[in-house]
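Participant: Sequence:
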Amino acid sequence: MAKKSIAIAADHAGFDLKSKLVEDLKASGYDVQDLGTNDATTSVDYPDFGRAVAEAVTSGKAERGVVVCGTGIGISIAANRHAGVRAALCHDETSARLCREHNDANVLALGARLIGEVVAKDCVRTFLNTEYAGERHARRVAKLG
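Each residue of the sequence shown is one higher than the one before, counting from 0 in numbering that gives the first Met the number 0.
Quick caveat, the hints were computed from the structure, so don't treat them as lab data.
For clarity, every value in this text was computed on a predicted model and none was experimentally measured.
All C-beta atoms in this analysis are idealised placements derived from N, C-alpha and C, irrespective of residue type, glycine included.
Within a straight-line C-alpha distance of at most 30 Å, the following computed DSBU-like cross-link-like pairs (lysine-lysine) qualify: (1) 120 <-> 2; (2) 60 <-> 2; (3) 3 <-> 19; (4) 120 <-> 19; (5) 120 <-> 25; (6) 25 <-> 60; (7) 3 <-> 120; (8) 60 <-> 19; (9) 3 <-> 142; (10) 142 <-> 60; (11) 60 <-> 3; (12) 3 <-> 25; (13) 25 <-> 2; (14) 60 <-> 120; (15) 19 <-> 2.
Label pairs and their calculated CB-CB ranges: (16) 132 <-> 2: 15 to 25 Å; (17) 142 <-> 26: 37 to 47 Å; (18) 140 <-> 30: 17 to 27 Å; (19) 40 <-> 116: 13 to 23 Å; (20) 41 <-> 139: 38 to 48 Å; (21) 26 <-> 138: 33 to 43 Å; (22) 135 <-> 93: 11 to 21 Å; (23) 41 <-> 134: 40 to 50 Å; (24) 139 <-> 115: 30 to 40 Å; (25) 47 <-> 121: 25 to 35 Å; (26) 92 <-> 30: 19 to 29 Å; (27) 138 <-> 41: 40 to 50 Å; (28) 26 <-> 47: 19 to 29 Å; (29) 112 <-> 134: 31 to 41 Å.
With these hints in hand, go ahead and build the complete structure from the sequences.
Facilitator: This is the structure we're talking about:
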């Protein structure tokens, strides 16, 4: 069975964490689309990277997305401006699990200045391995569209 295709991007503040997540995802066999940025020293605008992941997910080029900036807030707002994206800012495994189970989130947002590498990797694994529960949540998720 082929592994999911994951689009991932970050601004300069999230670059280091994104790089570690890319390594972990590839080692786990995921098809990873690294959409930038490519260094931590050049200041860039997080909306550009939130948009890149949103477009990859909504076009079907990626099944799910991960976005990273300093707090995760700005880049999650940027991603959520695109129809069909349900980006969830998560800080722990529980929020990563529940955003999938209850909200059918398709983009995970992380704050590199707020959580460590181990927690971030746990969030990504949980996000990618949790199925949407549907049923009673479907009516609510449909209202998001």
